[in-house]
Amino acid sequence: MNEKEIAAAVEKIVRSSLAEPQKEEHVCRCGSHKMTLEKAKKLAEAVRERAREMGVKAVVAVADKGGNPVLVESMDDAYLASWDVALQKSYTVVALKMSTQKLAALAAPGGSLYGIQFTNQGKIVIFGGGEPLEIDGKIVGGLGVSGGSAEQDTALAAFGRDKFKEISEC
1 MNEKEIAAAV EKIVRSSLAE PQKEEHVCRC GSHKMTLEKA KKLAEAVRER
51 AREMGVKAVV AVADKGGNPV LVESMDDAYL ASWDVALQKS YTVVALKMST
101 QKLAALAAPG GSLYGIQFTN QGKIVIFGGG EPLEIDGKIV GGLGVSGGSA
151 EQDTALAAFG RDKFKEISEC
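Going by full-length UniProt numbering, the first residue of the sequence shown is number 1, and it counts up by one from there.
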């Protein structure tokens, strides 16, 4: 699959997700609908605590809605390589508006996004551990977790996604 075909496949998927029926949205009057350093710190603290409970030495990365890093924290003795992987997972989920676990299935051989990891200057990660972060149904950032197995990273990112909902409640 060449880059043009990959771009067309991504556009098709994004358009189909936008075609879903729109839910009535809650209008939040309590604060910002954006990623803040304060929210990122609370989220990273919660994910680190869960990682400790699981025996995982993780790196936690939080990006804003533009895929730019807001926070990257490494637990003591985390793998050096996990820093870059966590950061790129946080970018990937914002760039493609889906978890890296969902992307893994689409990017597998024969999948509609096969080869996508070779685009975007190699920033796309195609295995679990990344989750989009939403407020009122809108993506405001991304979470990337790396340091354990793919299953552990996926579980930690899913935990973080759910915890972010609590952190962002009015």
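Worth double-checking, as some hints may not be accurate.
Capping the alpha-carbon separation at 30 Å, the derived lysine-lysine pairs in DSS-like fashion look like this [what the hints assert, rightly or not]:
no.: 1; residue 1: LYS165; residue 2: LYS4
no.: 2; residue 1: LYS12; residue 2: LYS57
no.: 3; residue 1: LYS97; residue 2: LYS12
no.: 4; residue 1: LYS4; residue 2: LYS42
no.: 5; residue 1: LYS4; residue 2: LYS57
no.: 6; residue 1: LYS57; residue 2: LYS42
no.: 7; residue 1: LYS12; residue 2: LYS41
no.: 8; residue 1: LYS4; residue 2: LYS102
no.: 9; residue 1: LYS4; residue 2: LYS41
no.: 10; residue 1: LYS12; residue 2: LYS138
no.: 11; residue 1: LYS138; residue 2: LYS4
no.: 12; residue 1: LYS138; residue 2: LYS97
no.: 13; residue 1: LYS57; residue 2: LYS102
no.: 14; residue 1: LYS138; residue 2: LYS41
no.: 15; residue 1: LYS41; residue 2: LYS123
no.: 16; residue 1: LYS12; residue 2: LYS42
no.: 17; residue 1: LYS34; residue 2: LYS65
Pair by pair, the computed Cβ-Cβ distance ranges are [said to hold, decoys possible]:
no.: 18; residue 1: SER149; residue 2: LYS12; range: 25 to 33 Å
no.: 19; residue 1: ASP136; residue 2: GLU3; range: 27 to 35 Å
no.: 20; residue 1: GLU38; residue 2: ALA108; range: 36 to 44 Å
no.: 21; residue 1: GLU38; residue 2: GLY66; range: 13 to 21 Å
no.: 22; residue 1: PRO69; residue 2: GLU134; range: 14 to 22 Å
no.: 23; residue 1: MET75; residue 2: ALA8; range: 38 to 46 Å
no.: 24; residue 1: ALA81; residue 2: GLU169; range: 28 to 36 Å
no.: 25; residue 1: GLY111; residue 2: GLY66; range: 20 to 28 Å
no.: 26; residue 1: ASP84; residue 2: ALA108; range: 28 to 36 Å
None of these hints come from the bench; they were simulated from the model.
Where is the CB? At the ideal position from N, CA and C, for every residue including glycine.
Each hint tested on the structure:
1. LYS165 to LYS4: violated (36 Å)
2. LYS12 to LYS57: Not satisfied, since the Cα-Cα distance of roughly 37 Å exceeds 30 Å.
3. LYS97 to LYS12: Within the cut-off at roughly 13 Å; holds.
4. LYS4 to LYS42: violated (40 Å)
5. LYS4 to LYS57: With Cα atoms ~39 Å apart, LYS4 and LYS57 exceed 30 Å; violated.
6. LYS57 to LYS42: Holds: LYS57 and LYS42 sit about 18 Å apart, inside 30 Å.
7. LYS12 to LYS41: It is violated: about 35 Å lies between the C-alpha atoms, which goes past 30 Å.
8. LYS4 to LYS102: holds (21 Å)
9. LYS4 to LYS41: Distance ~38 Å between LYS4 and LYS41 Cα, so the pair is violated.
10. LYS12 to LYS138: holds (19 Å)
11. LYS138 to LYS4: The hint holds at about 27 Å.
12. LYS138 to LYS97: holds (10 Å)
13. LYS57 to LYS102: Since the Cα atoms of LYS57 and LYS102 sit roughly 24 Å apart, the hinted pair holds (cutoff 30 Å).
14. LYS138 to LYS41: holds (20 Å)
15. LYS41 to LYS123: Judged against 30 Å, a Cα distance of about 23 Å means the pair holds.
16. LYS12 to LYS42: violated (35 Å)
17. LYS34 to LYS65: holds (8 Å)
18. SER149 to LYS12: 25 to 33 Å: holds (32 Å)
19. ASP136 to GLU3: 27 to 35 Å: holds (34 Å)
20. GLU38 to ALA108: 36 to 44 Å: Holds, since GLU38 and ALA108 (Cβ atoms, about 38 Å apart) stay within the stated range.
21. GLU38 to GLY66: 13 to 21 Å: holds (18 Å)
22. PRO69 to GLU134: 14 to 22 Å: Once the Cβ atoms are compared, 19 Å apart, the range 14 to 22 Å for GLU134 and PRO69 holds.
23. MET75 to ALA8: 38 to 46 Å: Once the Cβ atoms are compared, 40 Å apart, the range 38 to 46 Å for ALA8 and MET75 holds.
24. ALA81 to GLU169: 28 to 36 Å: Hint holds: Cβ distance 35 Å, inside 28 to 36 Å.
25. GLY111 to GLY66: 20 to 28 Å: holds (27 Å)
26. ASP84 to ALA108: 28 to 36 Å: violated (23 Å)
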